[in-house]
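Peer 1: The residues making up each chain are set out below.
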Amino acid sequence: AQSVTQLGSHVSVSEGALVLLRCNYSSSVPPYLFWYVQYPNQGLQLLLKYTTGATLVKGINGFEAEFKKSETSFHLTKPSAHMSDAAEYFCAVEMGSSNTGKLIFGQGTTLQVKP
Amino acid sequence: GAVVSQHPSWVICKSGTSVKIECRSLDFQATTMFWYRQFPKQSLMLMATSNEGSKATYEQGVEKDKFLINHASLTLSTLTVTSAHPEDSSFYICSARAGVYEQYFGPGTRLTVT
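Taken in order, these protein sequences are the chains called Y and L.
With the numbering used here applied, the first sequence corresponds to residues -10 to 104, in that order.
With the numbering used here applied, the second sequence corresponds to residues 50 to 163, in that order.
Only chain Y is shown next, with the shape it has when bound in the complex (with noise of 0.2 Å):
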């Protein structure tokens, strides 16, 4: 069985500073990992995705997330946070072995960014 762990439920930066959100991820077969974000009143939007390959991924927005399988981790980063990245963020797996397009999410990162 898969599973998502997301590290801090909260977190808050500088406008500037380095953005950091930590997903852990659990799974028997290899991976396919993702990475959403939730503005309010929207829906969820696709940030980047992992799915075979290079295992830096770059997304939108200036994002970007690193699969690495010795940890188990898919960590999103972004260089230099702006005030319109304030957002919840959702780190996903999706289920079984063979796209099946479920997806379990984390418990989400709320981002904060101060000016």
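Treat each hint with caution, since some may be false.
[As the list claims (entries may be wrong)] Taking lysine-lysine pairs in the BS3-like style, the calculated list, with each CA pair at most 27 Å apart, reads: (1) K103/Y - K90/L; (2) K115/L - K90/L; (3) K57/Y - K38/Y; (4) K115/L - K69/L; (5) K38/Y - K90/L; (6) K58/Y - K47/Y.
Hints are computed from structural coordinates only; laboratory data are not their basis.
Based on these hints, arrange chain L on the given structure of chain Y.
Peer 2: Here is chain L on its own, set in the frame of chain Y:
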């Protein structure tokens, strides 16, 4: 990008009544849609997978007779919460699959049962 809508965005109903939530893919066809439930300050939990033209498959612990799902067309799936009770109050979110790894989420429907 692809857009998924949900209607209504917020609904209040009395205990014992049923309420229907619609999920539409506006600019693409989705053979598969998913329904999630999100409690306040918590994560999304997958409830069921809805495939066009066939019966929905429910995750363990989800009452299929309480949460009726119909996927009658390639752009519409509905979730009906039957005989709703206060514990069914939650945020219900759908997603629609547009490709192998592409999945788009609706904005969610907040259900309050009084």
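Peer 1: Evaluate each hint against the coordinates.
Peer 2: We went through each hint and held it up to the structure:
1. K103/Y - K90/L: It holds: about 21 Å lies between the C-alpha atoms, which stays within 27 Å.
2. K115/L - K90/L: holds (24 Å)
3. K57/Y - K38/Y: Holds, at roughly 14 Å.
4. K115/L - K69/L: holds (12 Å)
5. K38/Y - K90/L: holds (24 Å)
6. K58/Y - K47/Y: holds (17 Å)
When each numbered hint is compared with the structure, no violation occurs for any of them.
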